[in-house]
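*Asks:* Each chain, written out:
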Amino acid sequence: MTDFAVDRRDLLLNGVASVAILALDGLAPAPAMAQAGPDTLENYKPVYFDAAEWAFVMAATDRLIPADGEGPGALATLVPRFIDRQLAGDFGKASRWYMQGPHDPDASPLFGFQLAQTPAEIYRIAIPEVDAHCRTAYGQAFAALSDADKDVVLHDLEAGKVDLKTVPASDFFAMLLANTKEGYFADPRYGGNHGMQAWTYIGFPGARASFREWVGQQNTPYPLGPVSIGGERA
Amino acid sequence: MARTQKKVDAVIVGLGWVGSVMAMELTAAGLDVVALERGPDRKTVPTFAYPKIADELRYAVRYELMQRPADSTVTIRHNTGQTALPYRRLGSFLPGTGVGGAGAHWNGLLWRPNAEELRLKSWIDERFGADIIPDDMTIQDFGVDYDELEPYFDRFEKIVGVSGKAGNLNGAIMDGGNPFEAPRASDYPMPPLEQTYDAVLFAKAARNLGYHPFPKPAANASQVYTNPYGMQLGPCNYCGFCERFGCLNYSKSSPQTCVLDALYQRPNFEYRTNATVLKVELAPDGKTATGVTYADAKGEEVFQPADLVILAAFQLNNVHLMLLSGIGPPYDPATGAGAVGRNYAYQMTGATSLFFKNIDFNPFVGAGANGVAFADLALSQMDFAKNGFIGGGYQSSQQTNGQPIHHLPLPEGTPAWGAGWKKAVGEHYGHSMDIVLQSTNMPYRDAYLDLDPTYRDPFGRPLLRMTFDWRPNELKQAQFFKEKAAEFGREMGADASTSFYPDGHYDTRVYQSTHTVGGAIMGTDRQTSAINRYLQSWDVHNVFAPGANAFPQNFEYNPTGMIGALTLWAARAIREDYLANPRPLM
Chain A
1 MTDFAVDRRD LLLNGVASVA ILALDGLAPA PAMAQAGPDT LENYKPVYFD
51 AAEWAFVMAA TDRLIPADGE GPGALATLVP RFIDRQLAGD FGKASRWYMQ
101 GPHDPDASPL FGFQLAQTPA EIYRIAIPEV DAHCRTAYGQ AFAALSDADK
151 DVVLHDLEAG KVDLKTVPAS DFFAMLLANT KEGYFADPRY GGNHGMQAWT
201 YIGFPGARAS FREWVGQQNT PYPLGPVSIG GERA
Chain B
1 MARTQKKVDA VIVGLGWVGS VMAMELTAAG LDVVALERGP DRKTVPTFAY
51 PKIADELRYA VRYELMQRPA DSTVTIRHNT GQTALPYRRL GSFLPGTGVG
101 GAGAHWNGLL WRPNAEELRL KSWIDERFGA DIIPDDMTIQ DFGVDYDELE
151 PYFDRFEKIV GVSGKAGNLN GAIMDGGNPF EAPRASDYPM PPLEQTYDAV
201 LFAKAARNLG YHPFPKPAAN ASQVYTNPYG MQLGPCNYCG FCERFGCLNY
251 SKSSPQTCVL DALYQRPNFE YRTNATVLKV ELAPDGKTAT GVTYADAKGE
301 EVFQPADLVI LAAFQLNNVH LMLLSGIGPP YDPATGAGAV GRNYAYQMTG
351 ATSLFFKNID FNPFVGAGAN GVAFADLALS QMDFAKNGFI GGGYQSSQQT
401 NGQPIHHLPL PEGTPAWGAG WKKAVGEHYG HSMDIVLQST NMPYRDAYLD
451 LDPTYRDPFG RPLLRMTFDW RPNELKQAQF FKEKAAEFGR EMGADASTSF
501 YPDGHYDTRV YQSTHTVGGA IMGTDRQTSA INRYLQSWDV HNVFAPGANA
551 FPQNFEYNPT GMIGALTLWA ARAIREDYLA NPRPLM
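Same order as they appear, the protein sequences are chains A and B.
Under our numbering, the first residue of the first sequence is numbered 1, with each subsequent residue one higher.
Under our numbering, the first residue of the second sequence is numbered 1, with each subsequent residue one higher.
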C-alpha cells in the first residue's frame with residue numbers, strides 16, 4: 001500500500017487519460033465524470049446510484065471481496081465505482097439483451113435471464129427490498145449491520161432464502177457478485193481494479209498481449225507486472 | 001414498398017468464412033457477386049488493433065463481437081411439452097455477427113471429421129448392426145464421402161493456413177501426428193505451434209496412459225505463410241486474447257487475414273454491411289428464388305434480385321431464413337415429415353482443471369488452438385456395445401487465455417466469495433491446467449428447429465425455436481470422458497481438481513460450445529434432408545446452403561474444416577455443373 005500512495009498522482013493522471021480514450025472510441029460505459037482530488041471512493045460522485053444504494057453497494061462489495069488477508073479488497077480497487085458506471089451505461093440498460101415479453105420469472109434457471117427489468121432497474125428495485133428485509137430482521141439497513149450479519153444476509157440472498165418482492169433474491173445476488181468480480185479484474189479503464197492491484201495480486205499481466213519468447217519457458221514465473229489499455233504500469 | 005437494387009448473378013447472405021470463400025470462387029467464375037452482412041464492417045485495423053482489443057470485459061464478457069440477442073436470437077425449450085423461452089443474453093453458445101462472422105473470433109481449431117462420421121448410419125449398420133441405434137436417434141449419412149471431399153479439405157487448409165502434423169499421409173502412419181485420422185494427400189501447410197508447459201505435461205501423461213498424443217491442428221500461424229490468395233500470416237505471439245477476440249497480430253486465420261483483402265480487389269464483388277436479409281423471395285411457382293429482401297442500416301427494405309442465392313449465415317440463421325422463406329417443407333416431429341428444422345444437434349463438451357501448487361503455468365501465454373490432443377477414444381475407435389453409448393470424442397490440453405473474469409478455475413469446494421475466495425484466487429491463479437473434452441452429439445427425432453409461436457425479432461419475424469436437451473446416450477458419454485480426465489489427474493499427481501460435465505438438463509447459461517449444427521441437413525433423400533449432397537435446396541434449386549446446418553449429426557471435431565470443405569465442394573458443383581444448366585443437380 002506504500003507504493004500505492006507514492007503512485008497515486010500518476011494513477012490520477014492515467015485515470016484522466018483513460019476517460020479521454022473512452023470518449024474517443026465511443027464505448028464510454030458511463031458519462032465518466034471528472035472528479036476533484038485523489039482517486040478515492042470518498043471523492044467519487046456516483047452517476048447512477050443514490051445515497052442509499054451507494055451505501056449498500058459499498059457495504060456489500062466490501063463483504064464479497066473483503067480487505068482482510070492478502071490481496072486488495074473491493075473497496076481499495078474501487079469496485080463500487082465500476083458497478084455505478086456499468087449500470088449507467090449499456091450494461092445497465094440491457095442494450096444487447098432480448099427484453100421483449102412475455103416474461104416468465106418463474107422459469108427454470110437453466111433458461112438463463114428471464115426478468116423484465118434491466119440490470120439498472122434490478123439494482124434499483126432490489127436494494128431497498130434487501131434493506132427492508134434487514135430492517136425487519138435486524139432493525140437496521142444492510143450497510144449498518146455487523147460484518148457477521150452482513151454475511152448472513154448475503155448467504156441468504158445467494159440461497160434465495162430472502163423473499164424480495166420483485167426479483168428473485170438469488171438472481172440479484174448472482175448479478176451483484178458477477179459485477180463485483182468484473183470490477184475487481186476488468187481493465188482499469190472501466191473504473192475498478194484501481195492501480196491494477198487485483199492483476200498484480202494474482203499475477204495477470206493485463207494488456208501485455210505478447211509472449212512469443214515465453215512459450216517454452218517451463219515452470220518459470222513471468223517476471224513483469226501488468227500494463228493497462230490506458231498505458232498504466234504496475 | 002421495397003427499393004430495388006440492380007440485379008446481380010449471385011447474392012451471398014453473410015460474410016464469414018463461407019460467404020468470403022464462396023465469393024472468391026464465384027467471382028473467379030466471372031459472376032457479379034454481392035454479399036449482404038447484417039453486422040458492421042470489421043478490419044484488423046482499426047477493429048482488432050492493440051491495445052484496445054486486449055479488453056476482457058468488452059470482448060469476452062460483454063461479447064462485443066457476437067450476435068446481439070436484442071437484434072437476433074432464438075427461443076429454447078427442453079422438450080415439445082414446454083413453452084420455449086428466449087435466449088435473452090448469450091451463454092451456452094456465441095453466434096457471430098459482422099464481417100468475418102464467428103471466423104473472426106474463433107480459436108482456430110481446424111480439424112477434418114473422421115471418414116466414418118460422414119457415412120455414420122451405414123458404418124454403424126455394417127459394424128454393429130442397425131439394432132444398436134435407439135429408435136428415436138435419427139443418425140444419417142452426409143451423402144458425400146471423405147474420399148470425395150479430401151481435395152477440398154486440403155484446399156481449405158491451404159487457404160486458411162494451418163499449423164499441425166499429419167498422422168496419416170496417403171495411408172502411411174506418421175510419427176507424432178494423429179494415427180487415427182483419415183488419409184491426407186498432404187501435410188499441414190505449417191509445422192505445429194510450439195507448446196506451452198501444460199501441453200508438455202499432458203502429452204507425457206497421455207503416453208504413460210497408453211494414448212497417442214499429437215499437436216492440435218491450429219489455424220494460428222507457427223511461421224510466416226502466404227496462402228493461395230496471396231494473403232499473408234505472421235507467426236502467433238501467444239497474446240492470450242484469441243477466442244472471443246479478433247487477432248491483433250495477423251496470425252489467427254480469419255476471413256480478414258486469409259480472404260477479404262484479396263476479395264475486395266475484385267471488381268465484380270461488392271459487399272454491404274448492416275444489411276439484414278429478411279427473406280429469400282421465390283418465383284410464383286416456388287421452384288426458384290428471385291433474390292432477397294433485406295433491411296438496410298436505416299431499416300428500409302431493399303430487394304436485391306439475383307440468379308443465385310447462397311445462404312452463408314450462421315447455422316441457426318440459415319435455418320431461420322429457410323423457414324421464413326418457405327424453402328422446403330418444415331419438419332414435424334410428430335409425423336417425421338418435412339425436412340427443414342430436422343436433426344438439430346449440439347456438441348457434448350466438458351472440462352477438468354487440475355491444480356499443482358508448485359507449477360507456474362503462465363496461463364496468459366496462449367494461442368487460440370494451442371495444445372495437445374489424443375484421438376484414441378474418437379468415435380471411429382469406440383465399441384458402442386461395450387461402452388453403452390454411441391459416440392466418441394477427443395480430449396486435449398488447452399491454454400488459450402488466463403483472463404481472470406471468465407477463466408479463473410478454482411478447486412472444487414472453494415467459496416464463491418468472501419475472504420476464502422480472495423485467498424483462493426491468489427493461491428491458485430496460474431497454478432492450474434485444463435483438460436477439455438469435445439465429443440459427438442447424436443440427433444434425435446424431437447431435437448429440432450422451427451418458428452416460435454410467440455416471440456418476434458425487431459423486424460416482426462418469429463424467432464427461431466430450438467427444442468433440445470441432453471439424452472442418456474450423451475450424458476453417459478460425458479461421464480465416460482470425465483473419468484478419463486480424472487485418470488490424468490491421478491497420473492500427473494494433481495493437488496486438486498474441479499470439473500464441469502453436463503449431468504442433467506441442458507443449461508443455456510454456461511458456455512459450452514458454439515458448434516450448433518443441423519436443421520437444414522444434407523443427404524441423398526429429399527424426405528429426410530433439406531439440401532442435397534451439393535448443398536442445394538431440394539425444393540428451390542438456385543438456393544445453396546453450405547454450413548454447419550448441413551450436418552446430420554455432430555462429429556467430435558470442430559466444424560470449420562468441414563464447413564470450408566463443403567463450401568468449396570458446393571462451389572465446384574455450381575461452377576462446373578450448375579451455371580451452364582441451372583436445375584436440380586439431383
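Honestly, the hints are just simulated from the structure, not real lab data.
Some hints here could point you the wrong way.
[To be verified] Chain A regions said to be covered by chain B (calculated; three or more residues, Cβ under 8 Å):
{"no.": "1", "segment": "49-55"}
{"no.": "2", "segment": "121-133"}
{"no.": "3", "segment": "202-208"}
[Unchecked claim] Straight line, CA to CA, 16 Å or less: simulated EDC-like cross-link-like pairs of lysine to aspartate or glutamate:
{"no.": "4", "chain 1": "B", "residue 1": "K423", "chain 2": "A", "residue 2": "D131"}
{"no.": "5", "chain 1": "A", "residue 1": "K93", "chain 2": "B", "residue 2": "D71"}
{"no.": "6", "chain 1": "B", "residue 1": "K423", "chain 2": "A", "residue 2": "E158"}
{"no.": "7", "chain 1": "A", "residue 1": "K165", "chain 2": "A", "residue 2": "D131"}
{"no.": "8", "chain 1": "B", "residue 1": "K43", "chain 2": "B", "residue 2": "D261"}
{"no.": "9", "chain 1": "A", "residue 1": "K165", "chain 2": "A", "residue 2": "E121"}
{"no.": "10", "chain 1": "B", "residue 1": "K204", "chain 2": "B", "residue 2": "E491"}
{"no.": "11", "chain 1": "B", "residue 1": "K7", "chain 2": "B", "residue 2": "D32"}
{"no.": "12", "chain 1": "B", "residue 1": "K357", "chain 2": "B", "residue 2": "D261"}
{"no.": "13", "chain 1": "A", "residue 1": "K165", "chain 2": "A", "residue 2": "E70"}
{"no.": "14", "chain 1": "A", "residue 1": "K93", "chain 2": "A", "residue 2": "D106"}
{"no.": "15", "chain 1": "B", "residue 1": "K423", "chain 2": "A", "residue 2": "E70"}
Note that the structure is predicted; figures quoted are calculated from it, not measured.
Even for Gly, the Cβ is constructed at its ideal location relative to N, Cα and C.
*Asks:* Could you run down the list of hints and mark each one as holding or not?
*Replies:* Cross-check of the supplied hints:
1. With a threshold of 8 Å between beta carbons, the proposed coverage of the segment 49-55 of chain A by chain B is violated, since 0 of its residues qualify and at least three are required.
2. Figure legend: the segment 121-133 of chain A, annotated as covered by chain B; annotation inconsistent (0 residues with Cβ-Cβ distances under 8 Å, at least 3 required).
3. For the segment 202-208 of chain A, the assignment as covered by chain B holds, since 7 residues bring a beta-carbon within under 8 Å of that chain's beta-carbons and 3 suffice.
4. Among the hinted pairs, K423 (chain B) with D131 (chain A) is inconsistent with the structure: their alpha-carbon atoms are about 29 Å apart, more than 16 Å.
5. Pair hint K93 (chain A) plus D71 (chain B) holds up; C-alpha atoms about 15 Å apart against a cutoff of 16 Å.
6. For the hint linking K423 (chain B) to E158 (chain A), the alpha-carbon distance of about 20 Å lies beyond 16 Å, and the restraint is violated.
7. Among the hinted pairs, K165 (chain A) with D131 (chain A) is consistent with the structure: their alpha-carbon atoms are about 12 Å apart, no more than 16 Å.
8. At most 16 Å may separate the alpha-carbon atoms for a hinted pair to count; K43 (chain B) and D261 (chain B) meet this at roughly 9 Å.
9. Proximity of K165 (chain A) to E121 (chain A) is assessed by CA-CA distance (about 14 Å); at most 16 Å being required, the pair is judged to hold.
10. The suggested pairing of K204 (chain B) with E491 (chain B) holds, with an alpha-carbon distance near 10 Å, which does not exceed 16 Å.
11. Note on K7 (chain B) and D32 (chain B): the hinted pairing holds, with a Cα-Cα distance of about 9 Å set against a maximum of 16 Å.
12. Among the hinted pairs, K357 (chain B) with D261 (chain B) is inconsistent with the structure: their alpha-carbon atoms are about 47 Å apart, more than 16 Å.
13. Taking the CA atoms of K165 (chain A) and E70 (chain A), the gap is near 38 Å; set against the 16 Å cutoff, the hint is violated.
14. A hinted pair counts as satisfied when its Cα atoms are at most 16 Å apart, and K93 (chain A) with D106 (chain A) does not qualify at roughly 22 Å.
15. Under the criterion of a C-alpha separation no larger than 16 Å, the hint pairing K423 (chain B) with E70 (chain A) is consistent with the structure, at around 7 Å.
Taken one by one, the earlier hints fail for this structure at numbers 1, 2, 4, 6, 12, 13, 14, listed in ascending order.
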